[in-house]
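Start from chain A and add chains B, C and D according to the hints.
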Amino acid sequence: MQAERSSDWVAISPSALATDELVTWATRPECGAVVTFCGTARSTSATRDDIVELEYETDVELAERRTLDVVAAARARWPEIQALAVHHRIGTVHLAEPAVVVVVAAPHRHEAFEAARFCIDAVKRTVPMWKREVWPDGSAWSGEAMDIVDVDDL
Amino acid sequence: MQAERSSDWVAISPSALATDELVTWATRPECGAVVTFCGTARSTSATRDDIVELEYETDVELAERRTLDVVAAARARWPEIQALAVHHRIGTVHLAEPAVVVVVAAPHRHEAFEAARFCIDAVKRTVPMWKREVWPDGSAWSGEAMDIVDVDDL
Amino acid sequence: MSRVLLLGPAREAAGVRSDEIDGETVAEVIAGAIRRYGTNFESIVAVSQLWVNGSPATPDQPVGPVDEVAVLPPISGG
Amino acid sequence: MSRVLLLGPAREAAGVRSDEIDGETVAEVIAGAIRRYGTNFESIVAVSQLWVNGSPATPDQPVGPVDEVAVLPPISGG
Chain A
22 MQAERSSDWV AISPSALATD ELVTWATRPE CGAVVTFCGT ARSTSATRDD
72 IVELEYETDV ELAERRTLDV VAAARARWPE IQALAVHHRI GTVHLAEPAV
122 VVVVAAPHRH EAFEAARFCI DAVKRTVPMW KREVWPDGSA WSGEAMDIVD
172 VDDL
Chain B
22 MQAERSSDWV AISPSALATD ELVTWATRPE CGAVVTFCGT ARSTSATRDD
72 IVELEYETDV ELAERRTLDV VAAARARWPE IQALAVHHRI GTVHLAEPAV
122 VVVVAAPHRH EAFEAARFCI DAVKRTVPMW KREVWPDGSA WSGEAMDIVD
172 VDDL
Chain C
183 MSRVLLLGPA REAAGVRSDE IDGETVAEVI AGAIRRYGTN FESIVAVSQL
233 WVNGSPATPD QPVGPVDEVA VLPPISGG
Chain D
183 MSRVLLLGPA REAAGVRSDE IDGETVAEVI AGAIRRYGTN FESIVAVSQL
233 WVNGSPATPD QPVGPVDEVA VLPPISGG
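Protein chains in written order, with the numbering used here: chain A, 22 to 175; chain B, 22 to 175; chain C, 183 to 260; chain D, 183 to 260.
Derived by calculation from the structure, the hints in this document are not laboratory data. Just so it is clear, CB atoms sit at the ideal spot from N, CA and C, and this is done for glycine as well. Treat the hints with care, as some may be off.
[To be verified] Stretch by stretch, here's where chain B covers chain D in the computed footprint (C-beta under 8 Å, at least three residues):
hint, segment
1, 189-197
2, 241-255
[Stated by the list, open to error] Below, a list of computed lysine to any residue pairs in the SDA-like style, where the Cα atoms sit at most 20 Å apart:
hint, chain 1, residue 1, chain 2, residue 2
3, B, K145, B, A94
4, B, K145, D, P256
5, A, K145, C, N222
6, B, K145, B, E101
7, A, K145, C, V229
Isolated chain A, as found in the complex:
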């Protein structure tokens, strides 16, 4: 991953997510708060408890554009935000590895927490992405899927 020079950084990629690199990138002297959300692959879902890995699938161009819409909506709501990264991994994600990372840096913690929460909620509702649960002898699409909505409708 190569860091953007600007203060937004969106990526949809099969590379392992480097949370520490994103936190370092977001941290800056004019900010007092950096909030990070890691959505990690877990062994349990609504229907199973023996998941060994997840597989994420999307159209990268569509997903990037929709993620940028989320970032723009967050900036409109919290103009205080100084740095905002949203990275979603695709392909195979092993247990406890992050599938999605959101990092928000802001002068104060209230905006950083609110914006990070908004971004991950919005990514899950608005970005085309499909998760397959893989267990020892089979796999299936996640049963926790939701209709896509537009970020302006959140």
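Only chains B, C and D this time, still in chain A's reference frame:
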């Protein structure tokens, strides 16, 4: 820093805070959400915009005990929490370095966000800690100080 | 004729990720896709959104050779 | 006589972090500390909490040689 084997990890120490180490420690296959708050030293305060570093002072034993009270209160409110770390640095903290890091791992993101926000708010209100702002030709105690309250009163 | 983009469960049911299918509207292209891919695909289309060139579309929206019709089943990212 | 623990601005105003001061109650120990450290310290005590052995205390609370009276000005951590 040496990680505790249990799922709470409190430290009040002059060592640089290793956010990535805490995130790695907190992340586990039964959790889908890891929320991290870094409170970083910033150049601006209520009264100045030329701060070059912060100095934190406390009694380590008192601060550790009050921080453990915060952790216990968070666990009582959100029993779903799987891992919870609160580390506060003391001594000199340079600009953009974290002075405090909170990491919460939980099965789902709602509890992880709520507990992380509660912990940093409670640390700021309940843990004995004094911040001195240092600028190029002087220093003073932070003007943003608040009366200590008990975590049970939050 | 339009390009169709089949994602997630729609890709799996169709057996292909993209294709070229005849039709002058979104509805005609999707009807052609259902004829080609069968009833599993049809049941997924029933719960999916249809987008044209990256934006939500209506069934009667006209499409041509440069347009891309995407079938987006309910999502499960993050 | 009790041990006193002076933190943050109280430590700075007193010039020491800990000391031994005579007195049979919290109020007496603190009065002794004010006599020893002066008016800057007194103005900080006025806005501080007083704890004994790590817990909030009342001015009339009796203290002895094994007790520690802490002066905690308003905090600014995080």
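So, going through the hints one by one against the coordinates:
Only residues whose beta carbon comes within less than 8 Å of a beta carbon in chain B count, and the segment 189-197 of chain D has 5; three or more means the coverage holds. Counting residues of the segment 241-255 of chain D whose beta carbon lies closer than 8 Å to any beta carbon of chain B gives 3, which reaches the threshold of three, so the coverage claim holds. A hinted pair counts as satisfied when its Cα atoms are at most 20 Å apart, and K145/B with A94/B qualifies at roughly 14 Å. With a C-alpha separation of about 11 Å, the suggested pairing of K145/B with P256/D holds against the 20 Å cut-off.
The straight-line distance between the Cα atoms of K145/A and N222/C is roughly 25 Å, outside the 20 Å bound, and the hint therefore fails. Restraint check for K145/B and E101/B: not satisfied, since their Cα atoms lie roughly 23 Å apart, outside the 20 Å limit. Among the hinted pairs, K145/A with V229/C is consistent with the structure: their alpha-carbon atoms are about 18 Å apart, no more than 20 Å.
The structure fails to meet hints 5, 6 from the earlier list, while all remaining hints are met.
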